[in-house]
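Q: Residue-level listing of the chains:
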Amino acid sequence: MTVLVLTSEEDVTADLVVARLNGTGIPVVRIDPADLPGEVALSGEYVNGAFRGHLSAGGRVVTLEGLRSVWVRRPGVPGARAAAPSGWLTEEASQAFYGMLRGTGARWMNHPDAAARARHKPWQLHLAQRSRLPVPATLITTFPQAARDFARRFPDLVVKPVSGSHPQEPPRVVPTSRVAPDVDFTAVAFGPTLLQRRVVKRADIRLTAVGDRILAARKAVAPGAHPDDIDVRFAPSDEPWRPADVPTPVAEAVHRYLREAGLAYGAFDFAEDLDSVWWFLECNQSGQFGFVEMDTGQPIAQCVADWLAGEGPRAPTHPHDPQGSMRMAP
Amino acid sequence: MQLFVLNYARPAEQLEVSTPYSYDCGLQLNVLPGGRIAAHDHAVMREFGSTTSTAGSKTHFDD
Numbered sequence: 001m002t003v004l005v006l007t008s009e010e011d012v013t014a015d016l017v018v019a020r021l022n023g024t025g026i027p028v029v030r031i032d033p034a035d036l037p038g039e040v041a042l043s044g045e046y047v048n049g050a051f052r053g054h055l056s057a058g059g060r061v062v063t064l065e066g067l068r069s070v071w072v073r074r075p076g077v078p079g080a081r082a083a084a085p086s087g088w089l090t091e092e093a094s095q096a097f098y099g100m101l102r103g104t105g106a107r108w109m110n111h112p113d114a115a116a117r118a119r120h121k122p123w124q125l126h127l128a129q130r131s132r133l134p135v136p137a138t139l140i141t142t143f144p145q146a147a148r149d150f151a152r153r154f155p156d157l158v159v160k161p162v163s164g165s166h167p168q169e170p171p172r173v174v175p176t177s178r179v180a181p182d183v184d185f186t187a188v189a190f191g192p193t194l195l196q197r198r199v200v201k202r203a204d205i206r207l208t209a210v211g212d213r214i215l216a217a218r219k220a221v222a223p224g225a226h227p228d229d230i231d232v233r234f235a236p237s238d239e240p241w242r243p244a245d246v247p248t249p250v251a252e253a254v255h256r257y258l259r260e261a262g263l264a265y266g267a268f269d270f271a272e273d274l275d276s277v278w279w280f281l282e283c284n285q286s287g288q289f290g291f292v293e294m295d296t297g298q299p300i301a302q303c304v305a306d307w308l309a310g311e312g313p314r315a316p317t318h319p320h321d322p323q324g325s326m327r328m329a330p
Numbered sequence: 001m002q003l004f005v006l007n008y009a010r011p012a013e014q015l016e017v018s019t020p021y022s023y024d025c026g027l028q029l030n031v032l033p034g035g036r037i038a039a040h041d042h043a044v045m046r047e048f049g050s051t052t053s054t055a056g057s058k059t060h061f062d063d
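The listed protein sequences derive, respectively, from chains E and G.
Take the first sequence: its position 12, counting from 1, is numbered 12 in the UniProt record's numbering, and each next residue is one higher.
Take the second sequence: its position 38, counting from 1, is numbered 38 in the UniProt record's numbering, and each next residue is one higher.
Treat each hint with caution, since some may be false.
[Unchecked claim] Listed below are several chain E residues computed to face chain G (Cβ distance under 10 Å; list not exhaustive):
1) 47
2) 177
3) 181
4) 192
5) 290
Hints listed in this document are in silico derivations from the structure and should not be mistaken for laboratory results.
On a predicted model such as this, the values are computed, not experimentally measured, just so you know.
C-beta: ideal position from N, C-alpha, C; glycine also.
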């Protein structure tokens, strides 16, 4: 039984896992769906009440029935590197590729349906609340007056993109940023705006969940750090990530979150406040982990490899199907 | 007409970095010129930020 890894060639984080799988002797096929059609080819037939299919790439051929698990890491868009790419070809290639894979019964990390839903930050906040994780007061609005009212109730705010994505024309980044108390909110009318009470933090927490394993790392706010340096991704700091113990209520809430989300993998970001409360910020269903592993020595890649190599129950056909995701609960 | 949140945007670093490793189709891994697996060389990974939380942000926003 083969592990199928969907990612780009330059994804060295995936390399950490592929190398470990190679060490176990479990067959691995790594492909980028962007190379379909072309370097990646597929075929599947539905005949006499049965399905038979196979994928080939880089001289390797794998039967779809022989897939043990599928790791959706950093896949390109199907058809993107075709000789004549088009939106229509991408849709055709996506439907063929992911449609066949959905029928294989392989375990997913993460299932595309669960992943698509889990990317929505408003839904993440909703699910975090349901899971009993502390969530900072948050407003998402296009009403300038609602923003003004919110700022009166919570004078110390940050703003961040709703989607978490960065604008590309021209290429820009939008770090989580502090909002001045006297700011003009008129432009809130031009697009959904996410405002959140600033957590006065003493550390950032990255909690990586792999199946039923959770590994947390803590990066202390550097002494003398400027209070406007909110976003740990962009704030200058020499502080390393260090392993951290996970409070039991947080661990239980994280398991509830993953179970309901139907996720086998999630990278949670928390802000630890001055009272040691971990405030939920977001859960990246395909978050990076190499930088944490390098600093902490935590065996995240090994956990991912173990999960992908596991026999476990077959994956759900729907994120709420208990077979694929319930087993991750302790 | 600029969105409120874009008041806080800053130009993305457009660094055309040439990494010292390349993808080996046979191994299905990125390797350094000497054949060592690039991901196992922490110095290289740190220098090129290849596994950081902003790596791949242009095409993937799940960091």
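Q: All the hints need checking, so say for each whether the structure fits it.
A: Now the hints, each set against the structure:
1. 47: violated, 32 Å
2. 177: holds, 4 Å
3. 181: violated, 15 Å
4. 192: holds, 9 Å
5. 290: Holds. Min distance 3 Å.
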